[in-house]
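These protein sequences, in sequence, are chains A, B and C.
Per the numbering used here: the first sequence ends with 900, consecutive numbering throughout.
Per the numbering used here: the second sequence ends with 324, consecutive numbering throughout.
Per the numbering used here: the third sequence ends with 185, consecutive numbering throughout.
Hints in this document: simulated from the structure, not taken from any laboratory.
Since we're looking at a predicted model, the values are computed, not measured.
Hints are not guaranteed to be accurate.
Here are the simulated DSS-like pairs of lysine-lysine, each with C-alpha atoms no more than 30 Å apart in a straight line [said to hold, decoys possible]:
{"hint": "1", "chain 1": "C", "residue 1": "171", "chain 2": "C", "residue 2": "181"}
{"hint": "2", "chain 1": "B", "residue 1": "237", "chain 2": "C", "residue 2": "171"}
{"hint": "3", "chain 1": "B", "residue 1": "237", "chain 2": "C", "residue 2": "170"}
{"hint": "4", "chain 1": "C", "residue 1": "170", "chain 2": "C", "residue 2": "100"}
{"hint": "5", "chain 1": "C", "residue 1": "182", "chain 2": "A", "residue 2": "890"}
{"hint": "6", "chain 1": "C", "residue 1": "170", "chain 2": "C", "residue 2": "96"}
{"hint": "7", "chain 1": "C", "residue 1": "170", "chain 2": "C", "residue 2": "181"}
{"hint": "8", "chain 1": "B", "residue 1": "237", "chain 2": "A", "residue 2": "890"}
{"hint": "9", "chain 1": "C", "residue 1": "170", "chain 2": "B", "residue 2": "233"}
{"hint": "10", "chain 1": "C", "residue 1": "182", "chain 2": "A", "residue 2": "892"}
{"hint": "11", "chain 1": "B", "residue 1": "170", "chain 2": "A", "residue 2": "890"}
{"hint": "12", "chain 1": "C", "residue 1": "181", "chain 2": "A", "residue 2": "808"}
{"hint": "13", "chain 1": "A", "residue 1": "890", "chain 2": "C", "residue 2": "170"}
{"hint": "14", "chain 1": "C", "residue 1": "95", "chain 2": "C", "residue 2": "170"}
{"hint": "15", "chain 1": "A", "residue 1": "808", "chain 2": "C", "residue 2": "179"}
{"hint": "16", "chain 1": "B", "residue 1": "233", "chain 2": "A", "residue 2": "892"}
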Amino acid sequence: MMKIALYSAILLVLFGGLMYLAADLPVGAPLQSDMDDYFIKNGQEQTGANNIVTSIVFDFRGFDTLGEATVLFTAVLGVGMMFRKMKEGEEYEND
Amino acid sequence: MKMTKIVRTTADVFYPFCLVFGLYVVMHGHLTPGGGFQGGAVMATGAALLLVAHAYEDITGRLRKTAMKILEAIGLMMFLFAGLSGLLFERPFMGNWMAFTGKWFSHPVAHGPNPGDLNTAGLLPLLNIGVGIEVLGGLTIILLYMLSGIHAEKKP
Amino acid sequence: MMSYLLLKLPYFTVVVLTLLGLAAMVFKKNLIKILMGLSLLESAVNLFLIVTGYRTDGVAPIYTNAPSLHMTLPTVQALTLTSIVIGVATSAMMLSFAMVIYKKYGTVNAEKVKKLKG
Chain A
806 MMKIALYSAI LLVLFGGLMY LAADLPVGAP LQSDMDDYFI KNGQEQTGAN NIVTSIVFDF
866 RGFDTLGEAT VLFTAVLGVG MMFRKMKEGE EYEND
Chain B
169 MKMTKIVRTT ADVFYPFCLV FGLYVVMHGH LTPGGGFQGG AVMATGAALL LVAHAYEDIT
229 GRLRKTAMKI LEAIGLMMFL FAGLSGLLFE RPFMGNWMAF TGKWFSHPVA HGPNPGDLNT
289 AGLLPLLNIG VGIEVLGGLT IILLYMLSGI HAEKKP
Chain C
68 MMSYLLLKLP YFTVVVLTLL GLAAMVFKKN LIKILMGLSL LESAVNLFLI VTGYRTDGVA
128 PIYTNAPSLH MTLPTVQALT LTSIVIGVAT SAMMLSFAMV IYKKYGTVNA EKVKKLKG
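Required output: the full structure, derived from the provided sequences and hints.
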């Protein structure tokens, strides 16, 4: 009972603090947009693609996409490792 | 206990349309919203439709685990080698050496708003296809492994 | 007061979603419900990233048949793409962990799965 009251109090304090901070953020007019103005103006003639988001994901910041493909591959490796079949006579260790 | 015949037939009819639409989203990644990851997820939805409609024993003959593993590995290797080919032509790693010269995807692009041309943008469609194939293989392999894990528990 | 609430509504939605996800992770005992709370938290973060890059009366940053040249910011949308894919990968691995725990212990209650203690 004490634990539930303590956790609820912490969450309510967090709620109040986040609402107070969220009231200052601007909606609809970002404060600094120099990098994005450069991408919108010169992205079409330097890359040759009509889609600016694809040219950012694959050309201006292609190294992050390489890391993301590796993360997806590693997750599939992990799931495949979980469901392997034991041979006859083996058991889980530390049982 | 199986699903009714109407459900199984509808899933069999819808599965090629899902694959074709996913491939359209992948190929037009540099003209319309979309690209590699989004199109790969649409294609994996078609495979999930088949897995939901049919029983597990009927579907392991059509969607094999080995084929999906090979597809995933081929996708990631295509992405890597397309990136490394920039080093042969005096550009940095993943530099766009095909964009305005060369043979394949190299039409010039007009300035400002225009109806799109599929033949533009150099190395980008090759990277899109590599990532699309990898995401299709990866998500289908996750679904097949999880279903085989459930199926192995039910046997007495 | 009501017009101020309507103006900043996206940020208030982000705060409410974050707290719902945190409350689900703290107060629930079933392992799968805790994982659903983590997925809610990731959705809140993705929404916050996209709201940061909005311009009033802006169109999508694509030049094919574009109606105007006043576009929203494209860099933040690229970051959100990466974040969504990483969320999918993490959720798949954690759900497979939950399945193996059920096979070994026979229950998915987070208070009964404690052979590592003591």
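Hints, one by one, checked against the model:
{"no.": "1", "hint": "171/C / 181/C", "result": "holds, 12 Å"}
{"no.": "2", "hint": "237/B / 171/C", "result": "holds, 28 Å"}
{"no.": "3", "hint": "237/B / 170/C", "result": "holds, 26 Å"}
{"no.": "4", "hint": "170/C / 100/C", "result": "holds, 18 Å"}
{"no.": "5", "hint": "182/C / 890/A", "result": "holds, 24 Å"}
{"no.": "6", "hint": "170/C / 96/C", "result": "holds, 18 Å"}
{"no.": "7", "hint": "170/C / 181/C", "result": "holds, 15 Å"}
{"no.": "8", "hint": "237/B / 890/A", "result": "holds, 17 Å"}
{"no.": "9", "hint": "170/C / 233/B", "result": "holds, 23 Å"}
{"no.": "10", "hint": "182/C / 892/A", "result": "holds, 25 Å"}
{"no.": "11", "hint": "170/B / 890/A", "result": "holds, 27 Å"}
{"no.": "12", "hint": "181/C / 808/A", "result": "holds, 20 Å"}
{"no.": "13", "hint": "890/A / 170/C", "result": "holds, 13 Å"}
{"no.": "14", "hint": "95/C / 170/C", "result": "holds, 21 Å"}
{"no.": "15", "hint": "808/A / 179/C", "result": "holds, 19 Å"}
{"no.": "16", "hint": "233/B / 892/A", "result": "holds, 20 Å"}
In the structure shown, no violation is registered for any of the earlier numbered hints.
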